[in-house]
Amino acid sequence: MSRNPPIPTGKAFAWRLAVFYAALFTALGVQLPFLPVWLAARGLDAGEIGLALALPMIVRVIAIPLATTIADRRDVVRGTLAVAATAAVAGYAAAGLVTGVAAILATLTLAACFYTPLMPLADAYALRGLAERGVSYGPVRLWGSAAFIGGSFGAGLLLEWIAPGNLIWLLVAAMLPAAFAACALGPLSTGARAWPKRAASAWPLLLNPAFLLVALAASLIQASHAVYYGFSALDWQADGLDSTAVGALWALGVVAEIVLFAVSGRLRLGPIALLVLGGAGGFVRWSAMALDPAPLWLPLLQCLHALSFGATHLGAMAFMLRAAPAEIGATAQGYLAVGQGLVMAVAMGLAGLLYARYGNLAYAAMALMAAAGAASALAALRLAKPASDASTTEHEKRQL
1 MSRNPPIPTG KAFAWRLAVF YAALFTALGV QLPFLPVWLA ARGLDAGEIG
51 LALALPMIVR VIAIPLATTI ADRRDVVRGT LAVAATAAVA GYAAAGLVTG
101 VAAILATLTL AACFYTPLMP LADAYALRGL AERGVSYGPV RLWGSAAFIG
151 GSFGAGLLLE WIAPGNLIWL LVAAMLPAAF AACALGPLST GARAWPKRAA
201 SAWPLLLNPA FLLVALAASL IQASHAVYYG FSALDWQADG LDSTAVGALW
251 ALGVVAEIVL FAVSGRLRLG PIALLVLGGA GGFVRWSAMA LDPAPLWLPL
301 LQCLHALSFG ATHLGAMAFM LRAAPAEIGA TAQGYLAVGQ GLVMAVAMGL
351 AGLLYARYGN LAYAAMALMA AAGAASALAA LRLAKPASDA STTEHEKRQL
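Letter 15 of the sequence shown, counting from 1, is numbered 15 in this note's numbering, and no numbers are missing.
Hints may contain errors.
Per label pair, the in silico range of CB-to-CB distance [claimed, not checked]:
1) Pro164 x Ala12: 36 to 46 angstroms
2) Arg74 x Ala379: 29 to 39 angstroms
3) Gly240 x Gly50: 21 to 31 angstroms
Think of the hints as simulated: they come from the structure by calculation, not from any bench.
Don't be surprised by glycine CBs; every beta carbon is placed ideally from N, CA and C.
Produce the entire structure from the sequences given, and follow the hints as far as they go.
And the structure:
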């Protein structure tokens, strides 16, 4: 009798994955807004906090390609997810136990080594597993976006009861379900695709101009959010909006993204069309923000997050599914994640300089960045392989 775990099919696979995405993004909703608060409570100054936040961007350049390559070469995407999630819990717990700036930075760097590969690994697992089962990616991924809202709002409420110096334990508590959910994920293959004895090389992908242009397009459009991520809250508060209104505007953008993910399975738009739509949405959104719009217009502009972020993400995922052979799916996601991280790091530095000097006009540079991303996607259109590419079936291509 075989001791291999049963292979979940259809709804069972999708629900397990949705639970994992929800748990992972709940932790992200705690980490992004409140890790700086915890660092300040532990006595780090502004420069040290900046270093602590920059370390994951540096670590991901090595950690992500290493983890995704190992996952592909050994066909252990699910196992790598479980190990990385569990080790990330231990890393953040260690950060909560140590004292001193050097020790805190060291343990956070260790945690980042395991935490930063989780998202590309999760997307690689999702794209391959859902495509084999004929399930759309967007309606499953939306649970992550919804959980991000819950995590950030929940952590904000709990901050009224928890001392800032204990916020790291809230992050650890949020990561624990993600580790359990990763361990509960089922095997990928349904037997529909025979796995090659020797994993395919990733070099043809890296030498594929269409892949590089799509990665550049997605990176530029996502990086065009840099001024928004870094300074929108400060800007809106300066315009007289209170913290509740600012939080509601951010939540509205994520809700718009969720709506797009929910209906994405019914859309008949290809990867390039989605990327161009994302770039166009970003261009309109940031051009309007550069004009310092009245608060009345902000909800409408926030709804464009469905395009600037949501359509861009879906387009990039659809292209990865189409362009990368399944046996290097995680590797392709790793390259994309590293590229996006590097471009975002540059854009964040540029955003700070531009906003300090020009205020809202800094959004004009973001509009140009989004337009450049759309242009890169259009350039990739002529170089992309025909839709009949044998590496991906027509049925799989429709599952985004």
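Okay, the hints, checked on the actual structure:
no. : hint                               : result
1   : Pro164 x Ala12: 36 to 46 angstroms : holds, 41 angstroms
2   : Arg74 x Ala379: 29 to 39 angstroms : holds, 35 angstroms
3   : Gly240 x Gly50: 21 to 31 angstroms : holds, 29 angstroms
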